[in-house]
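*Asks:* Each of the two chains sits in its own frame; use the hints to bring them together as a complex.
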Amino acid sequence: MNLATDSRITADLLRPLLGTSGKYYVTVGLLGAVTLMGLVAWGYQMYYGIGLTGLNSPVFWGFYLINFVFWIGISHAGTLISAILRLIDAPWRRPVTRCAEAITAFALVIGGTLPLIHLGRPWLFFYLIPFPDGRGLWPNFRSPLMWDFFAINTYLLASTLFLFLPMIPDFALIRDRATGIRRTIYGALSVGWRGTPKQWHRLESAMQIMAIAIIPVAVSVHTIVSFDFAMAVVPMWHSTVFGPYFVAGAIFSGIAGLIIAMAILRRVLRLEQYLTALHFQKLGQLLLLMSLLWGYFVFSERLTIWYGNDNHEMPVFWATFTGEYAPFFWVMVACNFVLPLILLSNQKLRTISGCVVASCGVVLGMWLERFLIVVPSLSYRQLPYTWGSYMPGWPEIAVMVSTFAAMALLYTLFVKFIPIISIWEFKDGTHPGPEPRPIAEPRTLPARGAEAAGEAL
Amino acid sequence: MAKWGMAVDLDRCTGCEACVTACHAENNIPTVGPEEADKGRTMHWLRIERYWEGDFPDVQLKFRPVLCQHCDNAPCEPVCPTYASYHTDEGLNAQVYNRCIGTRYCANACSYNVRVFNFFNPEWEKPLDLQLNPDVSVREVGVMEKCTFCVQRINDAKIDAKANNEDGLIVDGALQSACAQSCTAKALVFGDLEDPDSEVSRLSGSARGSKLLGELGTGPAVTYLQKESWYESGDR
Numbered sequence: 469m470n471l472a473t474d475s476r477i478t479a480d481l482l483r484p485l486l487g488t489s490g491k492y493y494v495t496v497g498l499l500g501a502v503t504l505m506g507l508v509a510w511g512y513q514m515y516y517g518i519g520l521t522g523l524n525s526p527v528f529w530g531f532y533l534i535n536f537v538f539w540i541g542i543s544h545a546g547t548l549i550s551a552i553l554r555l556i557d558a559p560w561r562r563p564v565t566r567c568a569e570a571i572t573a574f575a576l577v578i579g580g581t582l583p584l585i586h587l588g589r590p591w592l593f594f595y596l597i598p599f600p601d602g603r604g605l606w607p608n609f610r611s612p613l614m615w616d617f618f619a620i621n622t623y624l625l626a627s628t629l630f631l632f633l634p635m636i637p638d639f640a641l642i643r644d645r646a647t648g649i650r651r652t653i654y655g656a657l658s659v660g661w662r663g664t665p666k667q668w669h670r671l672e673s674a675m676q677i678m679a680i681a682i683i684p685v686a687v688s689v690h691t692i693v694s695f696d697f698a699m700a701v702v703p704m705w706h707s708t709v710f711g712p713y714f715v716a717g718a719i720f721s722g723i724a725g726l727i728i729a730m731a732i733l734r735r736v737l738r739l740e741q742y743l744t745a746l747h748f749q750k751l752g753q754l755l756l757l758m759s760l761l762w763g764y765f766v767f768s769e770r771l772t773i774w775y776g777n778d779n780h781e782m783p784v785f786w787a788t789f790t791g792e793y794a795p796f797f798w799v800m801v802a803c804n805f806v807l808p809l810i811l812l813s814n815q816k817l818r819t820i821s822g823c824v825v826a827s828c829g830v831v832l833g834m835w836l837e838r839f840l841i842v843v844p845s846l847s848y849r850q851l852p853y854t855w856g857s858y859m860p861g862w863p864e865i866a867v868m869v870s871t872f873a874a875m876a877l878l879y880t881l882f883v884k885f886i887p888i889i890s891i892w893e894f895k896d897g898t899h900p901g902p903e904p905r906p907i908a909e910p911r912t913l914p915a916r917g918a919e920a921a922g923e924a925l
Numbered sequence: 004m005a006k007w008g009m010a011v012d013l014d015r016c017t018g019c020e021a022c023v024t025a026c027h028a029e030n031n032i033p034t035v036g037p038e039e040a041d042k043g044r045t046m047h048w049l050r051i052e053r054y055w056e057g058d059f060p061d062v063q064l065k066f067r068p069v070l071c072q073h074c075d076n077a078p079c080e081p082v083c084p085t086y087a088s089y090h091t092d093e094g095l096n097a098q099v100y101n102r103c104i105g106t107r108y109c110a111n112a113c114s115y116n117v118r119v120f121n122f123f124n125p126e127w128e129k130p131l132d133l134q135l136n137p138d139v140s141v142r143e144v145g146v147m148e149k150c151t152f153c154v155q156r157i158n159d160a161k162i163d164a165k166a167n168n169e170d171g172l173i174v175d176g177a178l179q180s181a182c183a184q185s186c187t188a189k190a191l192v193f194g195d196l197e198d199p200d201s202e203v204s205r206l207s208g209s210a211r212g213s214k215l216l217g218e219l220g221t222g223p224a225v226t227y228l229q230k231e232s233w234y235e236s237g238d239r
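In order, the protein sequences belong to chains A and B.
Going left to right, the first sequence walks through residues 469 to 925 as the working numbering numbers them.
Going left to right, the second sequence walks through residues 4 to 239 as the working numbering numbers them.
Extracted from the complex, chain B is given alone in its bound form (with noise of 0.2 Å):
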């Protein structure tokens, strides 16, 4: 059984925002306009997030690429009064659409808030309805949802090893997130991290790492990388 996980190296990282964009083109992730923005409704599954570090003119720009962490022990599951959130066996953090009512209690539990709602209905602008990824499902107006390491590519590479493999096993790097193969700096890294030789395990163990809110308790799957720390460092 496998443990989907992702290595971020903030170090890598240039926030050119292209994971965004493939994130959106890959899972059929409605953009709402600059109104809509405006109100903080916008729906990016993965977020860049922006801090600046030091005083003018001595300043440094750093990123942070935040997603859902696929928490092992995930604040927005237990909340959920119909199942629609829930943990799969191979560590995902699912969002069940058709069993989610909108309580938006999840959103709220979410210490990451990388839940996003609908708070319309999703609308895509001629002819980028023609677009559509056919493998993942649109949702409807008060459906909340999130990053799901894209699933269906997982999906697919399993049905593709069981059929190809000797093993029946996915060959590390044959299978990746849209974030991750859209990612030109490298910077984000995902895999099997129950498969030790992998790279996101390999990544994962590293000196650089540290959990997103670690001291939560919450058990993310995603590791991120970096020198330092720069955002408890001081001065530099």
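Bound-form chain A, shown alone (with noise of 0.2 Å):
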């Protein structure tokens, strides 16, 4: 009975790997164009200068740098989700954690572009890494973008490693139905598995030690990209709370970013009854913790400034609270705080199309509060003489556009080519699949890995 239902599995989740059709290429070739219009857009700011896009003086940062950091805030969907669900061991989240961890690992190569493409002089952008050279020239440690450079690197690296690792025996399982070139491809990415038990035993201690180094990894990531503000004297910039605030608000747009994608691959990949509504409620809940947590940082935030009444930093206060960006400001409040209250604290309301509505709220709430720390506070520094604004120029635009078109390409490509719910993990859980099987013996490692070998012949 079990093998029936395993082999009910494998043909679902594989079912997106074998057959292409003539949509998908659409598809690809259209979200290809959009991304390709991305990298023309850059490639005619360097030609004619980074002065096609709206910045200008006092605001020196913009949408690329808003878009980075909205990024690397999604790009904590994955990881740190998925490595927290595996260490509590929650069982609902074996389909889940693969759409996540590849949400990180497509929005740290998006987001790890965007301050490039965000340079004066891109072409420059080595004089970051830290190579030895005849001048004895080194980067500078003492500069918070540096240790931007490294913190997301790093965690590119971890996270990249942690999405690869559960992928092994989905590899090998693939490996051992393909022929040809499929076969000497995915035999090379199954890296020799066999499905011994000692190599079911080793897979789960990197498993698990990866899932425990992560953790701290995603957090320092968002601290220091919150470092990038919080270290310069600018007002509202300069604050204690902006490490918190700013991983808070990454888990916060990360889960919203997870609950959007898992609704498209259900709808797209037929994996009804794979990503069910049980799913949906669990990460809404999640969603709504974090919303009230983001809630919780916005509020002390902004009291403490209000309270404190500090000469430089109330320009910027009111300019959010009464001002030119006040529209921007409780726009951002409804969609991050109001909106997932009211939907995601009913169990009535927290259905599937309840939490995406409330994610899409989200996402554009958490864009919107990094619209919100970046231009109104270098909008307005410390002297009124060079008080300014700003509106984003057409690369800007573009390259924004592109980015979201880059995330739905990579991940288009990435459900291709490797099945999206981890097919061994599945099975391996006790979770009700299309036909619940009995969960009377829990089975240990060498069993398992004993009935993985048996499978793959």
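Bear in mind the hints are in silico, worked out from the structure with no lab data behind them.
Be careful, since some hints might not be right.
What the hints assert, rightly or not - Stretch by stretch, here's where chain B covers chain A in the computed footprint (C-beta under 8 Å, at least three residues): (1) 475 to 488; (2) 576 to 589; (3) 607 to 617.
Quick caveat, the model's predicted, so the values are computed rather than measured.
Ideal Cβ placement from N, Cα and C applies to all residues, glycine included.
*Replies:* Written as structure tokens, this is what we have:
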């Protein structure tokens, strides 16, 4: 009975890898074109000068860094959530973890590119890399941007590993079913996986180590992103609350991104039986929790500043509260706090569509939050004579649109080559699959290893 | 070792902007044209801030020349990931154009907003391209630049003093920044703060003196002189 169910799971989850429809090619083509548009815009900008953007004095940072913080925030979906869920061994995590981890890897690649696009002279970005050269010049390790560079690279490396490790048994599964070139490629990717008890044991330990190691890495990454702002003596940037505030915001937007991705996958890949209402319920609860935490941080940040009534900070405060940036602020509060609170605190409204609507709101709201952190503070710096404003230029908008397309493109390609739900983890779980299987005897590692080995044949 | 500084007498400044023009000419600073200026991309290393005081018709106009304050504890320096922005032994906040990759972090961190950025490659209409100062490099697109206290003049004066003066030291007044030299009202005085007898030292110690945004603890090398703190004095 187990075998029948298992083979159905395998068939269901491998289906996207086996057939490719015309629609798929059209989608990839469209997304690729939009992504390319962003790169072309970057090329234009490099050729004619960064003046094509709307950046000016005093607003020297704009959409590129807003989107950088936004995507690094989205990247916290994955790894952190899946690491925590793995550690506490939440059984419902099984079909969710890989979609989450893939978001992390792709969002980091996209987010990590944006600071390069933002540079005035991107062709010299390698000055950031500490390499020994004849002049004995090193990068400045006191600069938060330098910390950022290391933090993001560390996180990218760690989360790629974390994504890759649990894929090994699935690669082996595909290898054993494939022929020709595919067999060679998946064979290489499965790094000699045979499903022996020893290998299972090592995989389990490696994943456990990575799950623990990735949590401080993830927390530090967004803390350091916040340090890019908090270290500067700029009104409303120079704040001790920024570290935890950014981490909470990152996880918040990350969960929202994950919910949206899962809803799309569910519909497009017909995974209704795998990504069920239960998963959205659970993630919706988590989103609600983060919404409350986010609200708490915003409240304590703004109350402190208002009460302190600092000469330099109040212009920024009022600009975002009642002034020219106030519409963005109140839309942000509505999207990040009011909407999730209404939709997610009520059992009846916390349906799949309810969660998706709340998540779309949160993604918009968190983007606005980053805008409100970057632009108003720079517009209203200490000397009133230099106050200014900002409107994005066309390359900035083109690049922003293309980052979303790039995310969708990478994801679309990913699901074509790799089962988006971890097959072995799903089977291993006690999760109600298409046909719930008995969970009487808890299986030990060798037993499962043997079964997996048998299955491969 | 010298410590370069400046005293700006706000009671003397007439707001004629001769210093701004002289600075542009001396340091090969491009002009950006009206459209770019409207976007807030002017490149003046030194600007005259204008403040109106009182209600019409009893209005008074005040000027404040703002240039790089060459802070001892400069917010712009530690944030630069490539050491393009660094502190010299003589207290200058130097900018190494060749090292600058254009993160613009320094410009955000600077509380005085005196750093300017090359949003495009600079252009000079003919024949203005022939009057560039050969002692100053021309900067390309994507590079941050700022007031150097006319470091090329400082270096010239040092060589000159070494060759001609018995003690090898620069005589106070022999070295002037372009802005100080062009100031008809003598509102700008440049010199060595380490030399207790220099005019800039004397003025910097004046009871009229204060530092711009001194409360931030940046330790500016520029002292502003004024009879009374006009922007805090309320009714007069």
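*Asks:* Going through the numbered hints above, which ones does this structure break? Give me the numbers in ascending order.
*Replies:* 1
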